[in-house]
Each structure stands twice: as structure tokens, then as C-alpha cells.
Amino acid sequence: MAGLVPAIQIFPHRCCKKTRHACDKSRHDALKDHPMTDVVWKPLLREPTAWNRLRVNRDWLGLWFMLPAAAFLLLFLAYPLGLGIWLSFTDARIGRSGNFVGIENYVWLWDDSVFWLSVFNTVLYTSVASVFKFAIGLYLALLLNQHMPFKAIIRAIVLIPFIVPTVLSAIAFWWIFDSQFSIVSWSLRKLGLIATNIDFLGDTWNARWSVIFANIWRGVPFVAITLLAGLQTVSPSLYEAATIDGASRWQIFRHITYPLLTPIIAVVMTFSVLFTFTDFQLIWVLTRGGPANATHLMATLGYQRAIGGGYLGEGSAIATAMIPFLLAAILISWFGLQRRKWQQGESND
Amino acid sequence: MTDAVAPKVADPRTVLHGSSAVADHTEGMSYLQTLPRRLVTLYLPLSIILLVLLFPFYWMALTAIKPDEQLLDLERFNPFWTWTPTLKHFQKLLFETHYPLWLWNTMFVAVGATILSIVSSVLAAYAIVRLRYKGAQWVGGAIFLAYLVPPSILFIPLSSVVFQYGLFDTPFALIMTYPTILIPFSTWLLMGYFKTIPFELEECALIDGASRWQILTKIVLPLAVPGLISAFIFCFTLCWNEFIYALTFLSTTSQKTVPVAIVNEFVDGDIYRWGSLMAGALAGSLPLVVLYAFFVEHYVSAMTGAVKE
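Note that the protein sequences, when read in sequence, are chains A and B. Going by the working numbering, the first sequence opens with residue 7, and the numbers climb by one from there. Going by the working numbering, the second sequence opens with residue 7, and the numbers climb by one from there.
Heads up, some of the hints might be wrong.
Unchecked claim - Stretch by stretch, here's where chain A covers chain B in the computed footprint (C-beta under 8 Å, at least three residues): (1) 70-81; (2) 93-99; (3) 117-127; (4) 155-163; (5) 193-201.
Hints are computed from structural coordinates only; laboratory data are not their basis. For clarity, every value in this text was computed on a predicted model and none was experimentally measured. Glycine residues also receive a C-beta, built at the ideal position from the N, C-alpha and C atoms.
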């Protein structure tokens with residue numbers, strides 16, 4: 007029995023909360039049975055203090071680890087997002103905090119033909135550019151997925167338009183689309199296809215197609231490389247089996263490649279639509295919304311009204327009006343993904 | 007959503023080099039196609055697309071080194087080539103404008119914002135993936151949603167916020183606001199990397215008495231170096247690329263970043279501005295292209311990682 011007491015001394019911390027009373031009781035009984043013992047009960051390891059307990063608490067630690075990121079996102083993202091919606095209900099100007107005016111800004115925008123023109127432009131810009139980006143990007147990904155010499159270098163080169171800052175490549179396009187010295191006009195003239203220079207950015211529809219082209223040019227590499235990453239996960243044995251079964255190239259694409267690629271297509275196209283819809287840089291460099299507001303997107307119109315004109319409230323209303331469109335885009339792709347999962351028989355998590 | 011897509015994205019190494027999921031370096035089924043057929047279905051369309059993708063850069067570089075009189079005279083000189091290259095435009099850029107200062111501003115802002123974002127993201131990603139505190143999944147989802155909030159709907163209220171905080175027209179306006187774009191992206195990227203590190207390593211360290219901080223700095227971070235490099239260079243590229251915040255929050259010429267300065271300061275009525283404009287665009291793109299040349303695989307992994315969610 008004598009051995010029992012030191013054992014308890016050495017491992018007092020072994021007693022977890024629920025059994026500590028029992029432990030103390032057994033120790034007490036042990037001491038009672040041996041009244042002569044004069045061992046001083048002194049734990050070798052201290053009881054964990056409240057501070058020590060807190061130091062290994064997941065929630066407490068998690069709070070501190072999240073603090074820097076949360077501070078940035080709350081101060082410079084969540085707060086401005088709320089403030090923007092609030093500003094859209096006020097008549098704030100630059101340098102003057104506004105009064106609450108209800109939905110006056112929205113009523114004003116509802117009757118504003120320029121606003122509706124910008125909505126039309128944005129939808130046209132986004133839909134045409136996204137469709138072409140997807141088609142060309144998928145085609146390019148399929149080409150790049152084939153066996154060829156210098157494969158790695160070619161794939162690396164394809165991504166360059168994505169790396170170079172948009173504004174700087176847009177300036178190159180500005181020069182290419184110049185009304186007098188455009189190299190495209192010059193080449194077409196030399197080939198005898200046109201008689202006079204094309205006014206790329208001065209004519210309503212020419213300007214629209216020109217900015218859409220520049221946007222497609224800039225977006226194709228991203229779509230192509232991400233879809234290529236998806237293509238690489240498709241097992242070659244599926245293609246071999248289909249070939250042996252006599253499938254045509256179109257059938258192989260339609261029934262093997264496309265279904266396996268659908269989840270990644272949904273994600274890539276969500277991002278693509280999102281960034282095209284909110285585009286600002288390209289338009290600002292190439293046309294600043296002109297000619298006659300023909301290429302104004304909602305983002306550029308918002309900038310012009312809020313920062314250029316100083317009407318923060320009205321600009322915020324235009325920016326806020328973009329949110330429903332963005333939500334729709336996100337939800338569509340989200341449910342697209344969910345449907346795929348359900349078809350594959352996976353559980354939703 | 008996360009798990010559905012994650013395993014479907016290939017390793018960046020195979021994206022660039024491999025031909026398929028099984029990187030066996032064989033030709034696969036391509037031997038079934040004859041050379042003429044490959045010429046028409048593969049090489050011809052590929053070279054057309056590559057030509058269109060690269061032509062603006064060729065044109066940019068050519069314009070930057072052409073003498074002025076050749077720039078605007080398309081009849082006497084062949085516009086596609088020049089035999090008398092000149093560095094005059096670069097000289098004008100470096101010695102007659104604030105260009106070096108703008109480059110420095112851009113670099114300073116990009117490095118500052120990137121470091122702040124990476125530090126915050128490492129901590130956040132580790133906490134979400136490994137501490138798994140109460141509600142970590144929800145926070146992860148919220149951060150993904152933050153990724154979807156575009157700068158175009160934030161810049162108007164942010165400009166008044168920046169003004170309230172007294173940061174207007176200083177580099178710190180950008181250093182503090184860029185992380186809102188970078189943190190969601192790099193947190194998601196790093197979460198993917200941290201998930202691949204075996205849990206057992208951490209358990210061993212915990213048993214040996216390591217604190218969470220020691221585990222993070224001595225075990226997790228050294229193993230996640232490729233992810234850190236990807237996040238770093240991609241954030242740096244995004245910062246260099248950013249335009250709308252820099253346009254809105256900076257007004258003094260000497261404070262501007264390269265993209266804003268080129269658009270605003272070079273565009274005067276001068277008909278001969280094209281040479282220096284293109285030289286400026288070229289010099290502004292060059293740092294990123296050089297960085298890209300060295301870290302191609304990391305860029306690709308960052309891009310596919312971003313889509314992985």
C-alpha cells in the first residue's frame with residue numbers, strides 16, 4: 007500500500023475533471039490507513055492554470071490567428087460594402103456627407119437612358135465575350151493537350167497575355183485600334199479588302215466589337231490553361247476504349263471530355279463572367295465610355311458619376327445595381343455544380 | 007463544393023509538361039494521326055491563335071524602338087520591321103519623366119501589400135484548416151464569398167473610407183486596400199496546400215510539446231514553401247495589375263503607380279507620344295514577364311489553385 011501514495015503524487019494531473027474527487031478520496035483513504043506517513047503531498051507538475059488552458063483552446067487560438075485577415079476584410083471590405091449600399095440611399099457628394107433620400111437615386115436611374123444603355127452594354131459585353139472566351143479557350147486547351155514538340159514552352163507562352171498588366175496591353179490595343187495609323191487597317195488596305203481606314207473606336211458598333219475583342223484576347227489564356235489542367239485529369243484509357251469502340255472525334259469530345267470537364271467549366275466560367283461583368287480597366291483605357299456612351303459599362307459609368315462628377319450617392323446606386331446580376335451569376339454556377347454532384351451520386355457537403 | 011473540384015485539377019507540373027494524368031512521356035494515341043492531318047487540325051489553328059495572342063506584344067516592342075518619323079509614315083517604311091532601332095523613347099522615359107519613381111511606387115505598394123496579405127493568409131488558412139475552431143467552415147465560406155466581391159463595386163465607398171482614415175493620396179491607401187483582393191485568394195490557395203500536409207507530423211510535434219506557433223513556423227511553413235511562392239508571386243502580379251483603386255485613391259503625380267501614370271501622364275495632345283507610351287508599357291510589363299519566366303509552374307499552380315476553391 008505504501009507505493010500507492012507516491013504514485014498518486016506523481017500523476018496528480020492524470021485525474022481528469024470528472025474523476026478528481028474520486029482520486030482525492032482514494033488518496034485521503036490511503037493517508038488515513040497510514041497515519042504515520044509524513045510524505046508531503048506536492049505535485050511535480052502544476053495544475054494547468056486558466057491561462058494554460060486558454061493557450062491550447064482551439065477557439066481562443068483560432069480567434070487570434072484569424073485576427074489580421076478578419077481586420078482587413080472587415081475594415082476594407084465588409085464595411086465599405088455596407089457603406090456603399092447606405093450611400094446609394096443618400097445624396098452624398100465628394101467632401102459632403104449626404105442625407106437619407108430613400109430610393110430617389112434609383113428612381114432617377116430608372117428614368118436615365120444612359121444608365122440603361124450601360125446596362126445593355128454590360129450585358130452584351132459580358133455575354134459575347136464570355137461565350138467566345140469559353141469556345142476559344144476550350145478549343146485552345148484541347149489543342150494544347152495534344153502531343154507536340156516544345157509543348158512546355160508553347161503552354162508557357164500562351165499565358166503571357168494574362169501576366170502582363172491589363173492596362174499596359176490595353177494601351178497596345180489602343181495603338182493597334184488607332185483611327186489613322188492602325189496596323190490592322192493598313193494591312194487590310196494593302197490586301198485590297200478595304201478602301202479607307204476603319205474607325206475602330208470612333209464608331210458605336212465598331213467600338214463595342216473592338217473592346218470585346220480586346221477582352222477576349224485577354225481572357226482566353228486563363229480559360230485555356232485552367233481547362234487544360236482539368237483535361238489532364240481525364241484518363242487516356244477512356245479515349246482508347248472509345249476509339250476501339252469506333253467513336254468519332256466529336257463523339258469522344260461530347261460523351262467523354264465534356265461531361266468530365268463540366269465541374270471545372272462551371273467554376274472557370276463563373277470567374278470569367280464575374281470579372282468581365284465588372285471590368286473597368288480595358289474600357290477606361292480604350293474609350294472612357296465613348297463614343298456617345300456606346301461602350302460605357304456600369305463600372306465606368308459609376309466611376310464617371312461618382313469620382314468624375316462627384317455624385318457619390320448616384321455612383322453608389324449604379325455600383326449597388328450590379329450586385330443582383332453578380333449574385334445571379336454566382337447562384338447559377340453554384341447550382342450547376344450541385345447538379346453535377348448529385349448526378350455523380352456524391353453526397354452534398 | 008471544395009472536394010468536388012479539388013481532385014479534378016492536375017498537378018501544375020503536368021499541366022506544363024505532361025501529356026495526361028499518367029505522365030508516361032509517350033505519344034499516346036497521336037500516332038493514329040498522319041502528319042498532314044495534324045498540320046491542319048493542330049499546328050495551323052495553334053499557330054494562328056499564338057500569332058494573335060503575341061502580336062500586340064511584338065507591336066508594342068517594335069513601336070518602342072522605332073524612330074518617330076517611321077512611326078507615322080506607313081507608306082515609305084515597312085511598318086512591320088525597322089532597321090534603325092533607337093533607345094530615344096526609353097531615354098525620354100527614364101530621364102524626362104517620373105517613370106523610375108512610378109516603378110518604385112508600384113514595387114513598394116506591391117511588396118508591402120503582398121507581405122501583409124501573405125502573413126494574414128497563412129495565419130487564417132492554418133487556423134481554418136488545422137485549428138478547426140468553432141465555425142471554421144463558415145469562415146472559410148465567407149472568405150470565399152469575399153473573393154467574389156469585385157473592386158468595381160467597392161471603390162466608391164472605399165474612397166470615402168480611405169479619406170476618413172486619413173490615407174488618401176498615400177501609398178498606404180493601396181497597401182491597406184489591396185489585401186482585400188489578395189487575402190481571400192491566397193487564403194484559399196494556402197488552405198489547399200496545408201490540407202496536403204500529413205496531420206501526423208503535427209500530432210508528433212504536439213506530443214513533443216511544441217506550441218501551435220512552433221508547429222506553424224517549423225513544420226507547416228517549410229513544407230508549404232511551393233504554395234507560399236505561388237501565393238507570393240501571384241499576389242505581386244495582381245498588385246502590379248491593379249488599376250481602379252490606384253486611379254481613385256491617388257492624385258499627386260509623384261505618388262502614382264505605373265499603370266495609372268502611363269494612362270494619365272503620357273496622354274497629351276502630342277502626336278509623337280506613341281513611342282514613349284509603348285516604351286512605358288513595355289518597361290512596366292517587363293518585371294512581371296521576367297518573374298513569370300522564372301516561376302511558370304508556380305503561376306500555373308496558383309491559377310489552377312484559385313479555381314480549385
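Taking the hints in turn, this is what the structure says about them:
{"no.": "1", "hint": "70-81", "in the structure": "holds (count 3)"}
{"no.": "2", "hint": "93-99", "in the structure": "violated (count 0)"}
{"no.": "3", "hint": "117-127", "in the structure": "holds (count 5)"}
{"no.": "4", "hint": "155-163", "in the structure": "holds (count 9)"}
{"no.": "5", "hint": "193-201", "in the structure": "violated (count 1)"}
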